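For chain A, the structure is supplied; the task is to place chain B on it using the hints.
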Amino acid sequence: MSITLSEKDNGYIEGFAGFKKNAPGSSLDWLQSVRERAITKFSELGFPTPQNEDWRFTNVAPIARSSFNILENGHDKVSSSDLTQFQFEDTEVAELVFINGHYSKELSKYGNLPEGVILKNLADAIESEQEIVKSNLARYADFKDEAFTALNTAFMEDGGFVYIPKGIVVETPIHLLYISTDEGTPSITNPRNLIIAEDNCEANVIEHYTSMTDNIYLSNVVTEIVVGENSTIGHYMIELESKKAFNISTLRVQQARSSNIRSHSVLLGGSLVRNNVHPVLAGEGCDSLINGLYMPSHRQHMDNYMKVEHASPHCDSRQLYNGILDGRSRGVFHGRIIVHEDAQKTDAKQTNRNLLLSDTAQIDTKPQLEIYADDVKCTHGATIGQIDENALFYLRSRGISKDAARDIILHAFTNEALESMGVDSVKNYCYKLVTNWFDQRKEEQES
Amino acid sequence: MLEIKNLHASVEGQEILKGLNLTINAGEVHSIMGPNGSGKSTLAQVLAGRDSYEITEGEILFEGKDLLELEPEERACEGIFMAFQYPVEIPGVANTYLLREALNSVRKYRGEEPLKHIEFAKYAKQKMEVMQISDNLLKRAVNEGFSGGEKKRNEIFQMQVLEPKLAILDETDSGLDIDALKVVSDGVNALRSPERGFLVITHYQRLLDYIVPDFVHVLVDGKIVKTGGKELALELEDKGYGWVEEEKTAANS
Numbered sequence: 000m001s002i003t004l005s006e007k008d009n010g011y012i013e014g015f016a017g018f019k020k021n022a023p024g025s026s027l028d029w030l031q032s033v034r035e036r037a038i039t040k041f042s043e044l045g046f047p048t049p050q051n052e053d054w055r056f057t058n059v060a061p062i063a064r065s066s067f068n069i070l071e072n073g074h075d076k077v078s079s080s081d082l083t084q085f086q087f088e089d090t091e092v093a094e095l096v097f098i099n100g101h102y103s104k105e106l107s108k109y110g111n112l113p114e115g116v117i118l119k120n121l122a123d124a125i126e127s128e129q130e131i132v133k134s135n136l137a138r139y140a141d142f143k144d145e146a147f148t149a150l151n152t153a154f155m156e157d158g159g160f161v162y163i164p165k166g167i168v169v170e171t172p173i174h175l176l177y178i179s180t181d182e183g184t185p186s187i188t189n190p191r192n193l194i195i196a197e198d199n200c201e202a203n204v205i206e207h208y209t210s211m212t213d214n215i216y217l218s219n220v221v222t223e224i225v226v227g228e229n230s231t232i233g234h235y236m237i238e239l240e241s242k243k244a245f246n247i248s249t250l251r252v253q254q255a256r257s258s259n260i261r262s263h264s265v266l267l268g269g270s271l272v273r274n275n276v277h278p279v280l281a282g283e284g285c286d287s288l289i290n291g292l293y294m295p296s297h298r299q300h301m302d303n304y305m306k307v308e309h310a311s312p313h314c315d316s317r318q319l320y321n322g323i324l325d326g327r328s329r330g331v332f333h334g335r336i337i338v339h340e341d342a343q344k345t346d347a348k349q350t351n352r353n354l355l356l357s358d359t360a361q362i363d364t365k366p367q368l369e370i371y372a373d374d375v376k377c378t379h380g381a382t383i384g385q386i387d388e389n390a391l392f393y394l395r396s397r398g399i400s401k402d403a404a405r406d407i408i409l410h411a412f413t414n415e416a417l418e419s420m421g422v423d424s425v426k427n428y429c430y431k432l433v434t435n436w437f438d439q440r441k442e443e444q445e446s
Numbered sequence: 000m001l002e003i004k005n006l007h008a009s010v011e012g013q014e015i016l017k018g019l020n021l022t023i024n025a026g027e028v029h030s031i032m033g034p035n036g037s038g039k040s041t042l043a044q045v046l047a048g049r050d051s052y053e054i055t056e057g058e059i060l061f062e063g064k065d066l067l068e069l070e071p072e073e074r075a076c077e078g079i080f081m082a083f084q085y086p087v088e089i090p091g092v093a094n095t096y097l098l099r100e101a102l103n104s105v106r107k108y109r110g111e112e113p114l115k116h117i118e119f120a121k122y123a124k125q126k127m128e129v130m131q132i133s134d135n136l137l138k139r140a141v142n143e144g145f146s147g148g149e150k151k152r153n154e155i156f157q158m159q160v161l162e163p164k165l166a167i168l169d170e171t172d173s174g175l176d177i178d179a180l181k182v183v184s185d186g187v188n189a190l191r192s193p194e195r196g197f198l199v200i201t202h203y204q205r206l207l208d209y210i211v212p213d214f215v216h217v218l219v220d221g222k223i224v225k226t227g228g229k230e231l232a233l234e235l236e237d238k239g240y241g242w243v244e245e246e247k248t249a250a251n252s
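Just so you know, the sequences run in chain order A and B. Residues in the first sequence are numbered from 0 upward in steps of one, following numbering that gives the first Met the number 0. Residues in the second sequence are numbered from 0 upward in steps of one, following numbering that gives the first Met the number 0.
Mixed in with the good hints there might be a few duds.
What the hints assert, rightly or not - Under the rule of at most 35 Å between Cα atoms (straight-line distance), these lysine-lysine pairs were calculated in the DSBU-like manner: (1) 64(B) x 401(A); (2) 348(A) x 306(A); (3) 138(B) x 107(B); (4) 376(A) x 138(B); (5) 243(A) x 376(A); (6) 126(B) x 150(B); (7) 115(B) x 431(A); (8) 115(B) x 426(A); (9) 401(A) x 17(B); (10) 431(A) x 229(B); (11) 441(A) x 150(B); (12) 124(B) x 229(B); (13) 138(B) x 426(A); (14) 20(A) x 7(A); (15) 306(A) x 365(A); (16) 133(A) x 76(A); (17) 348(A) x 138(B); (18) 64(B) x 124(B); (19) 138(B) x 431(A); (20) 229(B) x 401(A); (21) 401(A) x 431(A); (22) 107(B) x 181(B); (23) 108(A) x 426(A); (24) 40(A) x 119(A); (25) 401(A) x 150(B); (26) 401(A) x 138(B); (27) 64(B) x 441(A); (28) 181(B) x 225(B); (29) 426(A) x 181(B); (30) 238(B) x 401(A); (31) 64(B) x 17(B).
As the list claims (entries may be wrong) - Calculated from the model, a selection of chain B residues having no Cβ within reach of chain A, i.e. all distances over 10 Å: (32) 49; (33) 62; (34) 137; (35) 205.
It is worth saying that the hints were derived from the structure and are not from the lab. As the structure is a prediction and not an experimental result, all values here were calculated from the model. Built from N, CA and C at the ideal position, the CB exists for glycine as well.
In isolation and in its complexed conformation, chain A is listed as follows (with noise of 0.2 Å):
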């Protein structure tokens, strides 16, 4: 049976009706009433709108106006060979696959895990290990404000659940691969993935969002990631989506005492694409490294959203996103960074860099801060510009053709938001992703 959902009729509501009756854990009574909540939330508040001040450069009109169906598979449409272009060259990872949103056993891959890792999809998760599911899933990644996390929670099916036992460092890095196929009618995902480390231990995990063919979609996804105290986690977000599709992707972190979390998104692909990350810095001494690329094209819309917020003292956080925007691409940064009271001492920084390199590109760039603590220190920094000239004409003096001294300085753009990406194999995937990218560009501009 598949459901469509579209704010006409009623559609979310009446879907949801369907769609609850076999969801995962349907048999869980708190599971059930956390969904029932989620749609009465998401029926009231309905998708945002320009009013909205947190979606005032966001229009998701095309996303309210279109229905989606909920599809029930695709798996005999994608083989482990067509995964080779979404895969990391010379590192052994453990790899979950899902196919429009379910997952396929027959593509994932568990690899050397330690012992006492728990590695598994979320559907399983919930009746397998129902303690841990139950005591961290959707409790921190609120709804009561955002529709797309609201219906997310409620829709919620599939996505990666990762359980990192007490002082275990995983070296094995963990793919979440999304794909999706072309199933005739534009169609909804809503990936839910739960990330939680216990105490001393280290992880990256990397999620995936692609496609196969130019199809229409929606990608909702959201993520909750609970760093225990001491922990390390490497976050990797990498949207490739189709560029008819639409990605809404919130990332929720939860960080205790002396934890790290090394936050990177890279936005390639997408019609409409919304990137949300909100840490929160909620123990004493956390640092939060929360880096990002975003690269819109002809008339691709990237919207990223920060909300840093410190809620104890002696936390750092450093935030570093750039912008290359062609076409008639739109980009927005909206770096909200929140002090709380008690949070004395908060080092936090916000660096926005934005490369135009057509005329009809345009970027919204805004900081915000909101300071209640009296001892702290915040910076932020916008920077909007074309290639400097005066870069240019350094390097051609030293004898480096116009085109290759711009091809250095637009790399070395990308690659400052790049650099600090911990896990080399994945690093190179989005260097390479980049340079396909510009070298895309310089066909367009030959042909």
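Frame of chain A; chain B shown alone:
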């Protein structure tokens, strides 16, 4: 090697160079001195190919070729090098990467094979010692966070690596303390040879104690108004530029 004939250049409609003539032969060191705003840096920028200047009259021949027809990178490949007065910071580009790219671009232009990493490292190593460039400075982003002295040393280091035929120093001495000045001058002097020409632009005579010129030209208001030997620099230091200008006015009236 270099012949500048009746060069007129303007920026945003304002004429800066007003009929400049200068010939530099291989093996010669020419110094250009002059007061602020006389057009010294404009001359350097025009020679290197900065496109913000408009050439309204005159010509520049470099080894018989029309220099004004060449792009900045072609000039560099032909053997012109300008040490910038204000070296540009380029975040994210390692100094060593720039150098290797530059050297290999020049080699390619000359039809030579590019140098591999190891060959380049070996080649650069000798030059680094002369210019007191540390491995650390080589790895860092081009000029980013460099001190004034490091920037200027780095310029001359690039010059050493690229071994140009004509080296132009645009106020390389400005802002240097005496130790840095010595390192920079030693680097320049090490390159002096019968095949190479130098154009040393400076505001201060002090540099010319270390890089001793064959000719000193005084540039005033876009024209060379006086030419002499190295002793002219001392005279200028003593008396300032005023007397040259007065002499010129007297001659014109």
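Below or equal to 35 Å on CA atoms is what counts here, so check residue 401(A) against residue 150(B).
Satisfied, since the Cα-Cα distance of roughly 23 Å is no more than 35 Å.
Hey, residue 376(A) versus residue 138(B), does the alpha-carbon distance stay inside 35 Å?
holds (31 Å)
Between residue 107(B) and residue 181(B), does the CA-CA distance stay at or below 35 Å?
Given pair residue 107(B), residue 181(B) holds - Cα atoms ~33 Å apart, limit 35 Å.
Going straight from one Cα to the other, do residue 401(A) and residue 138(B) come out at no more than 35 Å?
Holds - the C-alpha atoms of residue 138(B) and residue 401(A) are around 23 Å apart, at most 35 Å.
Sort out whether residue 229(B) lies within 35 Å of residue 431(A), counting only the CA atoms.
violated (56 Å)
Status of the stated non-contact between residue 49(B) and chain A (beta carbon gap over 10 Å):
It is violated; residue 49(B) is separated from chain A by about 6 Å at its closest Cβ, not greater than 10 Å.
Would you check the hint for residue 229(B) and residue 401(A), treating anything up to 35 Å between C-alpha atoms as holding?
violated (39 Å)
Could you grab the alpha-carbon distance between residue 108(A) and residue 426(A) and see if it respects the 35 Å cut-off?
Roughly 21 Å separates the two Cα atoms, so the pair holds.
Does residue 64(B) pair with residue 441(A) here, judged by a C-alpha cut-off of 35 Å?
Status holds; Cα separation ~32 Å.
Satisfaction of hint between residue 7(A) and residue 20(A), Cα-Cα up to 35 Å
holds (22 Å)
Would the pair residue 138(B) and residue 426(A) pass a check requiring their Cα atoms to be no farther apart than 35 Å?
At roughly 20 Å apart (the allowed maximum being 35 Å), residue 426(A) and residue 138(B) satisfy the hint.
Satisfaction of hint between residue 17(B) and residue 64(B), Cα-Cα up to 35 Å
Roughly 22 Å separates the two Cα atoms, so the pair holds.
Hint compliance for this structure: hints 5, 10, 20, 29, 30 and 32 are not met, and every other hint is.
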